[in-house]
Amino acid sequence: MTRERLDTVLYWLLAAGAIAVALWAQAGWNNYAVRLLTYSGLYVILVVSLNIVNGFVGIFSLGHIGFMAVGAYVSALATYPLARRPATFPTLPEWFQSLALPYPVALLLGGAAAALVAAVIGFPLLRLRGHYLALGSLALLVIVEQLAVNLHPVTRGSRGLAGIPMLTTPLWVWAVAVVVVYVAARIKSSGFGLLLGAIRLDDVAAAASGVRLTRYKMSAFVVSAFFAGVAGGLWAHLVGVIAPSVFSYDLTFRVIVMLIIGGLGSITGSVVGALGLFLLPEAFTYLEGAGTHGLSQLLLAVVLVLVMIFRPNGLLGRRELSLARARDGAGPGGRLGARTTGADRPNPDDA
Amino acid sequence: MLRRALIFLLPMLIVPLAAAQIRIGSLYNVTGDMSSIDAPGNNGLRLAAKLINESGGLLGQQVEVVTVDGQTDQTQLTNAASRLVNVENVVAVAGINDSTFALAAGPVMQAAGVPFVIAGATLPTLPEQIGDYAFMVPFGDDAQSFAIVDFAIDQLGVETYYMLYDQAYDFTLAVREFANQRFAERLGAGALLLEDSYQSGDADFSSQIARLRALPTPPDAIFMSSVPSDAGNLVQQFREAGFDQPILSADGFDTPLIVEVAGDLSDGVYFSTHTSLSSDDPQVREFVAAYEAEYGHPPENAFAALGYDAMMLIADAIRRAGSADPAAIRDALADTQGLDLVTGTITYAPGSRVPTKSVTIIGVQGGEYLFQAEVTP
Chain A
1 MTRERLDTVL
11 YWLLAAGAIA
21 VALWAQAGWN
31 NYAVRLLTYS
41 GLYVILVVSL
51 NIVNGFVGIF
61 SLGHIGFMAV
71 GAYVSALATY
81 PLARRPATFP
91 TLPEWFQSLA
101 LPYPVALLLG
111 GAAAALVAAV
121 IGFPLLRLRG
131 HYLALGSLAL
141 LVIVEQLAVN
151 LHPVTRGSRG
161 LAGIPMLTTP
171 LWVWAVAVVV
181 VYVAARIKSS
191 GFGLLLGAIR
201 LDDVAAAASG
211 VRLTRYKMSA
221 FVVSAFFAGV
231 AGGLWAHLVG
241 VIAPSVFSYD
251 LTFRVIVMLI
261 IGGLGSITGS
271 VVGALGLFLL
281 PEAFTYLEGA
291 GTHGLSQLLL
301 AVVLVLVMIF
311 RPNGLLGRRE
321 LSLARARDGA
331 GPGGRLGART
341 TGADRPNPDD
351 A
Chain B
1 MLRRALIFLL
11 PMLIVPLAAA
21 QIRIGSLYNV
31 TGDMSSIDAP
41 GNNGLRLAAK
51 LINESGGLLG
61 QQVEVVTVDG
71 QTDQTQLTNA
81 ASRLVNVENV
91 VAVAGINDST
101 FALAAGPVMQ
111 AAGVPFVIAG
121 ATLPTLPEQI
131 GDYAFMVPFG
141 DDAQSFAIVD
151 FAIDQLGVET
161 YYMLYDQAYD
171 FTLAVREFAN
181 QRFAERLGAG
191 ALLLEDSYQS
201 GDADFSSQIA
211 RLRALPTPPD
221 AIFMSSVPSD
231 AGNLVQQFRE
241 AGFDQPILSA
251 DGFDTPLIVE
261 VAGDLSDGVY
271 FSTHTSLSSD
281 DPQVREFVAA
291 YEAEYGHPPE
301 NAFAALGYDA
311 MMLIADAIRR
321 AGSADPAAIR
331 DALADTQGLD
341 LVTGTITYAP
351 GSRVPTKSVT
361 IIGVQGGEYL
371 FQAEVTP
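Protein sequence lines, in the order shown, are assigned to chains A and B.
Take 1 as the starting number for the first sequence in the working numbering and just add one per residue.
Take 1 as the starting number for the second sequence in the working numbering and just add one per residue.
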């Protein structure tokens, strides 16, 4: 068997393992542990999908959670209990009052809505570069929040939507997580991924070599937004209540920190970062006592600083958990793909 | 990751060893944006538990309060709720001062069959939306709105009014709705001369002021449905524009900001709230003294008293139930009648988990927040 085949087997084993753990959790785990498992999976989806844009293409997007919000609201509206619709959404038209969609359809609809927003916003936004793009994407986050706050008839404004049916289970979340990782891995090891890498390394040179920048950046942006939208739908049906304040800076930076600590451009790193930076702070809260609330956040800050000192390119850099790592070559998994743009610091310990 | 999983499973093994105590969960946002009202709430709750223990405990056992911080974050809060219920195995959970957070955390307690005593959120439909294990310590926004309107009509002789409300919050929208309803019930539809709105955080109210000034006859009172952060600015700008009428509001005006920002202009501001910490009522004075003795400073706001009352409410239910079983506690809570607490007397009408409770009206005079009346609407 070639090493690449070994990697494929490894992926499928891990995927099967994740699904098995999810099923086991649903069958008998303590509710608290089930929650932790479910949230972990949600963060994996968010971080891996963000990596497609921020890591593979090198675009620093801060708007990811805006897409999540779109998916959350759309899917929540789709599954909102019919009996409560007249009271909650009195002004919405008749067709809405009688249309309840099944959960999977609602999730896909949420993802599609987010992807649509990305497609529309992408055209003006992705022409920008560097810091301007980052701020532009932040504007997207703000705009989505303002729409959520002001479109009272649809979103109930700042009050948010409560009473969303709690349909999310660990199986749903980890099934989507497995799919996201698969999609990201396929992108990374394909010609498409190669072109994204070229754009990341030097978009001017890439354009001069005939790479259609807009098309490729848009594709990555839309795929990433789709999964963020699905994650939003899963989130809404996990907590049962969403409000504009949920999809804000705190969540944005939490996900970005997970991405960077894990390693920008590394899918394995995203999974590790998401799991680690969700479970570790939770573990730290057990150290808090009557007078020491806030200690967990302090400890987390210390951990982040230490990681940045000793592993400035994140825990995994651009590498993957891979048995085929030793190969040389132009692929994103090999040496050339490990180089970073001028904005990042050089990484001496890249493969 | 397996090791991390074990770390979480570990507390589940240790906790049963400590079963000789009655464990109560304190669910508050001790850190983060809500900490200014939640930290005092947690302090009040823990103080009550301490005093209970000093006078012999409950059913012969000591009360242990487990506080898990929500960090003013929805994920953390719901995880904290789950931890209290599923890992720490508490028999009741008390806390939370915000309705949106209450709605997020409530289902966790409801699903686990653990009573959830909401300390400070005032949305009257909370217990209905969450389920039969949710109880409110404070009155609902309907009660406090009715109370301030009744006070204005009966004590201040108000016959016409102007309504200004914040569009951004469930709370302010609810207060507006209930206040309008009460005014219409008692004075008829013609009492409302003009209604206007703003968005929380707006710095300038000159357009609303201009529209008010354009009225042919000025209203007897100005009703402002707002949250604490806007209260000071609203009062200052309207007073500076020359409006001397009484200004009315709900507990969103229970903030030192009114006097801090509007200074002398704050005379004639009246609002409904949970308790007046400067009241002469012996229970209030006792609470304030105990809080100061324990924490070195007087209670910061009424939410400290609400946290204290939440614990006392649970303790009373446990005593009457004669058991620390969550289902028994729930039933005993539902039967609470005439329980005298710092923030008022709590009675749950059959089938309702929002208390019929008296509302305190406070008036600002000479820079002081003075008790005016206690109204039971």
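Treat each hint with caution, since some may be false.
Stated by the list, open to error - Distance windows between CB atoms, simulated: (1) G191(A) x D132(B): 53 to 61 Å; (2) Y295(B) x W95(A): 55 to 63 Å; (3) G56(B) x L298(A): 37 to 45 Å; (4) D244(B) x R129(A): 28 to 36 Å; (5) G188(B) x A100(A): 51 to 59 Å; (6) R129(A) x Y295(B): 36 to 44 Å; (7) A100(A) x E240(B): 16 to 24 Å; (8) D204(B) x Y249(A): 21 to 29 Å; (9) A214(B) x G289(A): 54 to 62 Å; (10) F96(A) x T356(B): 36 to 44 Å; (11) D204(B) x T91(A): 25 to 33 Å; (12) A87(A) x A214(B): 29 to 37 Å; (13) H152(A) x G322(B): 32 to 40 Å; (14) P93(A) x D33(B): 30 to 38 Å.
Simulated from the structure, these hints should not be mistaken for lab results.
Using N, Cα and C, we set each Cβ at its ideal position, and we do this for glycine too.
We went through each hint and held it up to the structure:
no.	hint	verdict
1	G191(A) x D132(B): 53 to 61 Å	holds, 59 Å
2	Y295(B) x W95(A): 55 to 63 Å	holds, 57 Å
3	G56(B) x L298(A): 37 to 45 Å	holds, 38 Å
4	D244(B) x R129(A): 28 to 36 Å	violated, 58 Å
5	G188(B) x A100(A): 51 to 59 Å	violated, 42 Å
6	R129(A) x Y295(B): 36 to 44 Å	violated, 54 Å
7	A100(A) x E240(B): 16 to 24 Å	violated, 52 Å
8	D204(B) x Y249(A): 21 to 29 Å	holds, 25 Å
9	A214(B) x G289(A): 54 to 62 Å	holds, 59 Å
10	F96(A) x T356(B): 36 to 44 Å	holds, 38 Å
11	D204(B) x T91(A): 25 to 33 Å	holds, 30 Å
12	A87(A) x A214(B): 29 to 37 Å	holds, 36 Å
13	H152(A) x G322(B): 32 to 40 Å	violated, 49 Å
14	P93(A) x D33(B): 30 to 38 Å	holds, 37 Å
Of the numbered hints stated above, those contradicted by the structure are hints 4, 5, 6, 7 and 13, listed in ascending order.
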